[in-house]
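Once you've looked at the hints, dock chain B against the given chain A.
There are 2 protein chains.
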Amino acid sequence: MKVSEIGEFGLIDLLAKTVNRPPGKQLIIGIGDDAAAWYGDTSIQLATVDSFIQDVHFSLDIASWEDLGWKAMAVNLSDIAAMGGVPRYALVSLAIPPHTEVENVIALYKGMIELTQQFGVTIIGGDTNSATPVAITITILGSTKKDNYILTRSTAQPGEQVAVTGYLGAAAAGLEILTNQLQFDTEATAILKKAFLHPYPRLTEGQLLVDYGVKTAIDISDGLISDLNQVCKSSQVGARIEIDRVPIQPTVKANLSQKSLELALSGGEDYELLFTASAEVIDKVKRAASCPITVIGEIVADKKLTLVNSQGNPFKLGKTGWEHFVTR
Amino acid sequence: MKVSEIGEFGLIDLLAKTVNRPPGKQLIIGIGDDAAAWYGDTSIQLATVDSFIQDVHFSLDIASWEDLGWKAMAVNLSDIAAMGGVPRYALVSLAIPPHTEVENVIALYKGMIELTQQFGVTIIGGDTNSATPVAITITILGSTKKDNYILTRSTAQPGEQVAVTGYLGAAAAGLEILTNQLQFDTEATAILKKAFLHPYPRLTEGQLLVDYGVKTAIDISDGLISDLNQVCKSSQVGARIEIDRVPIQPTVKANLSQKSLELALSGGEDYELLFTASAEVIDKVKRAASCPITVIGEIVADKKLTLVNSQGNPFKLGKTGWEHFVTR
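Chains as they are written, first to last, in the numbering used here: chain A, 1 to 328; chain B, 1 to 328.
Bound conformation, chain A alone (with noise of 0.2 Å):
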């Protein structure tokens, strides 16, 4: 069987089964949430990585080598916004080919410390390698705050409301104008393409929900609906989402019509945050958070991720979400 036939998903639920070690009495998250989580000495200690690989995950056709090192950086801190953690240290793996101008590295680093530097956070190692094509690997190390918990996605419950932070869809609308294949005006594209290619990791609303009671979190990745999917298979519960209460980016909205809702829904590449909770938690976290936070649906008990219009009526959604290895 080759990997095509089985997706990400299915390779990474093979793994944790290959590795096929319970979390113990110190390692609190393994495989498959958005980083690791053990217990340290005073706070919870978290671990991600996340591989940028040329013409996978970027093309340097469309953006420079400092937007490259912002987003790869945005990419990996964005995993510790979803756990709710504070990010500290970062490792950097490095494969490029050797007729690489060294200030286009350097250009690489400068857009990666513009981040760090935002978040207190050290570039402390890594290694270089000489190899095509260019791949950018991240390793960021972090912890919770003193004495607090981490957001997961196997916490939501049914009866909670599902919400997300800022605005959808941005990020793919700037996509399709950087590969030619969407127009809009001066301002517009500057906006999009920016939405793109230097997303903001939702690092301080991922410590405030923790602040506020949240339990469950997810960063908006692959798309809406198949990061929803994940939590929603983590939790074993389903989720009805009314497409009309989703916070489509007001830009894109503006100039798309039918096809902005599925920008928003599958688009991907935002880097919001998608959480669960009780609507008091929701109304609390709204009042603390500096940006928009809207409810777009509740959890369901039933296992099946349902998407409504706002006359109750089903809506179907072609295209999901962006996974690797799945031909389609």
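Just so you know, these hints were derived from the structure itself, not from any lab. Heads up, a few of these hints could be off.
No copy labels: a pair is met if it fits in one copy or bridges any two.
Stated by the list, open to error - Below, computed lysine to aspartate or glutamate pairings styled on EDC-like, alpha-carbon distance capped at 20 Å:
no.: 1; residue 1: LYS194; residue 2: ASP211
no.: 2; residue 1: LYS284; residue 2: GLU298
no.: 3; residue 1: LYS2; residue 2: GLU103
no.: 4; residue 1: LYS146; residue 2: ASP41
no.: 5; residue 1: LYS233; residue 2: GLU280
no.: 6; residue 1: LYS17; residue 2: GLU66
no.: 7; residue 1: LYS259; residue 2: ASP185
no.: 8; residue 1: LYS145; residue 2: ASP41
no.: 9; residue 1: LYS286; residue 2: ASP61
Here is chain B on its own, set in the frame of chain A:
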């Protein structure tokens, strides 16, 4: 300027300057040693990452998927050994083509687990990506034993002896057998292939060095001379190595004459530990260790690395070790 013009070590120096964040109160070692190190609550924390890329670091023509898993993990654990640390968790980022057989990915993991289980290390996370060539990036997190210190590259002192664990040259000879450049009898072939494919990280020995007061160590990955050069550079000292004392692996020595010394001095990939300490400390280590410990020379104040034969005459070596990017 291209990366190939400044070489791997030049690039690492430059990146260390770009990151430009001197070790602070908590961070002990950033970029430039075998692993990063910082103060935890009751012990020093360690982290290291290494990528293992098809047709750069390995070929599937000569190594099975299980061999790959073992070696990628061993190489990383060796970095923790060189710090005198105790490895604890591993994160695995995998890039594989979609047509890869699932059983091969499982074999890769089995190879890793065979080794991690011996050292109480748990694979706690990672990510999977669809890409070519195959690339395995492993992050190892570890710590020192409580209240213990770490072995670094920067603490070698003139007058100290230079010693190595085990024997050298077997891995390089194994690679030449696997690539059909050398032929040996069946038994020798098996021993040397294994030395290349299944190096055994010197974790027990690294911790022993700490127990007996050694301060300076590095693992021999690029080659004895190249790695000793790293120690000399970091410690701002030189070294005088007596080539007749270098412990050439017996099978290599018995089958190859002059070439055996070259393999031992610059072949690399043996993953033995090179360390420096007083004669008295090294005697204690010798008595306690379950592997051979051999003194091969001494650290000198003059910042040069010289090789001498038994008559004390200078010995010249061509190739000195493996460095990425540099075209020879």
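Status of the hints after comparison with the structure:
no.	hint	verdict
1	LYS194 / ASP211	neither (30 Å within a copy, 53 Å between copies)
2	LYS284 / GLU298	within (17 Å within a copy, 66 Å between copies)
3	LYS2 / GLU103	between (40 Å within a copy, 8 Å between copies)
4	LYS146 / ASP41	both (10 Å within a copy, 12 Å between copies)
5	LYS233 / GLU280	neither (25 Å within a copy, 61 Å between copies)
6	LYS17 / GLU66	between (38 Å within a copy, 17 Å between copies)
7	LYS259 / ASP185	within (17 Å within a copy, 68 Å between copies)
8	LYS145 / ASP41	both (12 Å within a copy, 14 Å between copies)
9	LYS286 / ASP61	neither (39 Å within a copy, 57 Å between copies)
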